[in-house]
Structure formats: structure tokens, C-alpha cells
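Each protein sequence line maps, in turn, to chains Z and X. By the count of our numbering, the first sequence reaches residue 328 at its end, each step adding exactly one. By the count of our numbering, the second sequence reaches residue 622 at its end, each step adding exactly one.
Just so you know, these hints were derived from the structure itself, not from any lab. This structure is a prediction, so every number in the text was calculated from the model and none was measured. You may find that some hints are simply not true.
Only pairs whose alpha carbons sit at most 30 Å apart, straight line, appear in this in silico DSSO-like list of lysine-lysine [unchecked claim]:
no. : chain 1 : residue 1 : chain 2 : residue 2
1   : Z       : LYS58     : X       : LYS439
2   : Z       : LYS58     : Z       : LYS48
3   : X       : LYS561    : Z       : LYS197
4   : Z       : LYS206    : Z       : LYS172
5   : X       : LYS439    : Z       : LYS172
6   : Z       : LYS35     : X       : LYS470
7   : X       : LYS439    : Z       : LYS48
8   : X       : LYS496    : X       : LYS439
Quick list of the computed label-pair ranges, beta carbon to beta carbon [said to hold, decoys possible]:
no. : chain 1 : residue 1 : chain 2 : residue 2 : range
9   : X       : ASN534    : Z       : GLU49     : 25 to 35 Å
10  : Z       : PRO147    : X       : GLY468    : 34 to 44 Å
11  : Z       : PRO316    : X       : PRO441    : 54 to 64 Å
12  : Z       : GLU279    : X       : PRO441    : 27 to 37 Å
13  : X       : PRO593    : Z       : PRO245    : 34 to 44 Å
14  : X       : PRO441    : Z       : GLU103    : 22 to 32 Å
15  : X       : ALA557    : Z       : GLU303    : 28 to 38 Å
16  : Z       : PRO61     : X       : ASN534    : 18 to 28 Å
17  : X       : ASP467    : Z       : GLU103    : 44 to 54 Å
18  : X       : PRO417    : Z       : GLY171    : 29 to 39 Å
19  : X       : ASN534    : Z       : SER50     : 23 to 33 Å
20  : X       : GLY468    : Z       : SER250    : 39 to 49 Å
The beta-carbon is built from N, C-alpha and C at its ideal position, and this holds for glycine as well.
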Amino acid sequence: MLNSNAKLVPNLFEAKLESKSTRDGFGTGSVAAGKENQNVVVLSADLKESTRAEWFEKEFPERFIELGVAEQNMATVAAGLAAVGKIPYITSYAAFSPGRNWEQIRTTIALNDVPVIVCGMHAGVSVGPDGATHQMLEDIALMRAMPNMIVINPMDAEEARKATIAAAALGKPAYLRFGRANVPVITTLETPFSIGKALSLYAHEKPEIAIFTTGALAYEALKAAKNLEEKGIPVSVTHVATVKPLDTASLLQAAKQAGKVMTLEEHQIAGGFGSAVAEVLSEHYPVPVKRLGLTDEFGQSGEPDELLAHYGLSAPGIEEAARAFHAL
Amino acid sequence: MAITDTHITFIEQKARDIRATIIEMLLAAKSGHTAGPLGMADIFAALYFYILTHNPEAPDWEGRDRLVLSNGHIAPVRYSAMAHAGYFPVEECLTLRKFGTRLQGHPERTKLPGVETTSGPLGSGLSQASGMAYGLRMDGKKNRVYCLMSDGELQEGNTWEAALFAGKNRLSNLTAIIDRNNIQIDGMTEDIMPLEPLADKWRAFNFHVIEIDGHNIEEIVNAAELAKAVAEKPTMIIAHTIPGKGVPEIEGDFRWHGNPPGKGPSDKVPADKQGEVFLKEIRSMGGKVPHEYA
């Protein structure tokens, strides 16, 4: 059953849920962070509408910096701004930032250890019709391997808002991952969020699979969990917003309780969130692990729902994979 | 106020001290770049002993000018100049590239106070310097930002993205200096990937361009002074330098780009004598620089 401590939207499975993208959460969060701290600046590389950077521009035109189509320059200008006391959010599609400017981020942000917040929008296959070039599926792997870098992948617009605000207070480099598609808003103002903490969304006294999900797949995982429980396979669901550093204690506890772990991500299973979980489990508490995500292939054009279903990341696919995993 | 002859002589002496330390530190390190650091010694001496507003005893002082070294591989000249300016003991230069040192093979911001940014991977200095200049101007601060660049690194695309940005934003508090020594690892820049007409390129990107002899202290100082008077534009000083300046066996030879003394190519000086011979040559500087140990 749903974990009441998560303070999710009431009657989650029956209610008509508001639908918003996590990039919308960035938009409202960056404005809030800008109000809190005069040093917050937002940088854009010619995508201010679709990254929602223009929401900040409208409030704080003098603290909005347009760089044109130049992601390498955006990262390095931001490093310079941070070195003189600013807190820059740099915004583009994840395929280009950190996709194209990874080395600049590594040297001038991570190694320099300056508080630049890299905001990768349009991550995952749910970008939809734009196709494989724009569906970033390797960014978690790229960023979690980088020392000094914190990696956060929020589940809905409300959590994205909280994560965006929290990142500005870190004083450290961070990578925030956002999606393009509208997804149900399942958390509330009261839902706990803190960087580095996993959140139990669905619990059972004796779960037989612990599902760990990251990013905007949480609602799909919850629908699958409800169906599975009704059909005699009790599971737990834990949302892991902070992929690095992982909340190892919470994950180990959930793994010990269930004895089997399944991971969900809109990302390659190689090097991503599932890999990070498997690394921790194999060292501390080896249990069978099933990773769901993209399996060494690029995405393609289509509607977000179609694509998530095709790659087995919507509720029916998750449920099916869980049944097969359970039967092993 | 024009620079006096006494000042010029003082800076020339400092340049020679900086060069001698570069040879000593590279000998001790047994690896590292030689030609670039020697070629930039005069500019570094002029910066640390005349041009920059800074305080070696308080490297993080808010009122300091920022010096970004984009081509991090010439770190030995920066370390040597900083040591002679009083940031740390000159003896520490001998720890260059050794385990546990603050003087990493390429400079790191978090390791050594006074290093504004980590560099080594090329082409990212001008954009960081532009970000600093933009941020300082946002806060109404008067500090200047200096960015030292190599000519070879101009082949990196990031450089020209930064040029567009600095030009667009009229960053008149930014002075960049290109070490135009014509060499890069694989050969001469104009053979590998030509940069000329270089001054025209920067003018086209809305920079004020000044070309100087990078070994003439008076020209270096005057160009930096003139840059302060340029309104509405960043300044690009193209400093024509001789790589390896001060050691005839190294001067102008691209093969010395990435080799230390003791391991470099020379027909006249055997490897095991290179340190001793080169130091002697630097100390005499062809008799051009008066100094107590010439």
C-alpha cells in the first residue's frame, strides 16, 4: 500500500491528477531560487522556451544570460561566473549539456569544484517525436562517474521544483535531470525531499520484490505495484531522486526486506541508475537484480506513451517484468 | 604614467629569475613543457610585478584582478612567477609534478591559492575569463580579468564561442593575451592548422587588437595600460614571442614544446649537460640584462 509518510496526492489511483513536466518544476524552482538569492543566474543556449529558462528571464531579465547555440561556452562561462560568486543554472537539452560539453563540465566545474547547476532537459525517450538524437539516455552514466558531482533525477514537477531550489543551496556542482513530457504530479508540498535521501512510496510487510525507481517513472511503478499486490506479488517501491550519492542505507534496508531488487530508469541500463544500485548491492548485500531501461540501443520517434510502452517502462511492462523476475 | 627605465630593468631581472627557476623545476620534475614557459616569462614578470592588482599574502582578496591561464601546460612559468612574487617559497617550485605537490602538472584551483581556475584541456580559458568579467561587472566591481592563451589552442571551437560572447557583451574589463609563438606539438601552427590573419579574426569578433613584441617589457606594459582605456570592447593583445626565449638551443624549435631540459633534442648540448648549460645561458641572456649573477 501507499506509504502515508510520503504525503502523496490523496486517492492517488482514483483522482484525476494534474499533469506537468519536470522541466516546468525547474521553471518555478529557478524563479523561487532567484528570489531567495541575488547571486542566482540562469544561462540559456537558445532553448529558453522549451527549457523553461524564460520563466526566470521574465522575473529577472538582468540575471538571465543568453549564449546562443554554444553549450561548451555556456558551461565555461558559468564556471567563470561561479568563480566570482554567482550560482549559475545552465540550461539546455541533456543531449547537448552534458552531452556535448562534458569535458568542459569535468574540468571547469567539477574539478574546479564551483557551484554550477547543470540542468539537462529532454532526458529520456519520453522526449517523443524528436527521435534518438534528442533523447538523452547516457547522461546519468556520464555524470555519476564524475567526482564532486551530485546527480538528481526528480519524479514530478513538484519534486523538480524542490530539487531545483535545494541545488542552489548546495554550494557544489550538481546535475539535475528533467523530462519534456507531462507526467502526473503525485507529490505534494508536504512530500519530504532532501538531496541524498530516497523516499519510500509503496510499502508491504513482506514485499517479494523491492522496486527502485528514478525520474518520472514513479507513477508507472506505483500503478504496477498496486496491480502486482492485487495479483499476489507484494512489492515495495522506493523513489531515488538522488542517484549520486545514493542513499545506501535505505536501499540496503529495502533490499534485505524483499530479497530481490528491480530498478527502473529512462536511461541505458549500462552505467546508469540500475548499475549504481547493483554496485552497492553486490558489495554490501548481493541479491538478484533486474534492471529495466534501455538495453544498449538508441530511442526513436513516437509519442512519449508509445515509446515508454515499447521499451517496457510503462506500468504494464514493469508489471510483466516483475512477474517474470518473481518467477525466477 | 609611463613606465620608468628602472622599472623595466627590475621586471627584466624578474623575468630572468623566473626563467632560471623554470629550468630548475623542469630538471627536478623530469617532465613538462619548456618552450612555452620560457617564451612567456617576460609577460608573466610584467603581470606579477607591474600590471596586476594583487596581494600575494592574501590570494583570495576580493579586490584582486583575475588572471586566467587558459593554456595550463605552461604552468611552470605561472608557478615560478607566483613564487618570485611571494605567493609561496621559491624552493617549493622543485616539487612540480611530484606526488603530494600543490604544483600539479596542470594548475588546479583547489590545490594552490592564487590559481583562479583549473586548466589544461585547451580552449576553455577565454570563456571562463569572460564569465568572470561578466559577473564582476554585474556586481559593479572594477577588477580586471586577464586571460593568457596559446596560439595553438585557438584551434579549439570553444575559443570562438567565447569570442562571440565577449564581443556581444562588450566586456571592456577583459584583457586577453595570446602567446603567438607559432609552434604547437605537431609542428608550426601555420602548417598544422593556419591561424592567420589572426589580428583580423579578433577584430572581426569585435575585440580591440594590439600587436606587441612579447619580450619587450615596455610594449607589454603599455598594451595592458591601453587596454584599460578601451571602452565597449574587450582587448586582445597578440604577443609575438620566441618559444624557449633565453636558451638558444630551444628558441623556435617546436620539438621543445613538451620536453624538459635533460631530455630534449639538441645537436650541441648532450642531455646530461642541458640543465647546467641552459641555466648559464639564461643568466647571461647574451649580456643584455644586467644582474648580479650574470
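Inset, instruction - Please work out if Z:LYS58 and Z:LYS48 have their alpha carbons no farther apart than 30 Å. - result: holds (11 Å)
Legend entry - C-beta pair X:ASP467, Z:GLU103: status relative to the range 44 to 54 Å that was hinted: Since X:ASP467 and Z:GLU103 have Cβ atoms about 29 Å apart, the given range 44 to 54 Å is violated.
Legend entry - Satisfaction of the hinted span 34 to 44 Å by the C-beta atoms belonging to X:PRO593 and Z:PRO245: This hint is violated: roughly 49 Å between Cβ atoms.
Legend entry - Consistency of beta-carbon spacing, Z:SER50 to X:ASN534, with hint 23 to 33 Å: holds (29 Å)
Inset, instruction - Evaluate the given range 27 to 37 Å for the C-beta pair formed by Z:GLU279 and X:PRO441. - result: With a Cβ separation near 36 Å, Z:GLU279 and X:PRO441 satisfy 27 to 37 Å, so the hint holds.
Inset, instruction - With 28 to 38 Å as the target window, see if X:ALA557 and Z:GLU303 comply at their CB atoms. - result: Because 60 Å falls outside the window, the suggested range is violated.
Inset, instruction - Starting from X:LYS561, check that the Cα of Z:LYS197 is at most 30 Å away, please. - result: violated (48 Å)
Inset, instruction - Starting from the hint 34 to 44 Å, judge whether the C-beta atoms of Z:PRO147 and X:GLY468 obey it. - result: holds (35 Å)
Legend entry - Cβ separation of Z:PRO61 and X:ASN534, checked against the hinted range 18 to 28 Å: Holds: the Cβ-Cβ distance is about 23 Å, inside 18 to 28 Å.
Legend entry - X:LYS439 paired with Z:LYS172 [C-alpha distance capped at 30 Å]: OK: X:LYS439 and Z:LYS172 at ~17 Å, within 30 Å.
Inset, instruction - Take a quick look at whether X:LYS439 and Z:LYS48 sit within 30 Å of each other, Cα to Cα. - result: Between X:LYS439 and Z:LYS48 the Cα gap is close to 36 Å, so the pair fails against 30 Å, i.e. violated.
Legend entry - Holds or violated: Z:LYS35 to X:LYS470, with C-alpha atoms at most 30 Å apart: The given pair, whose Cα atoms are some 26 Å apart, holds under the 30 Å limit.
The earlier numbered hints that this structure contradicts are 1, 3, 4, 7, 8, 13, 15 and 17.
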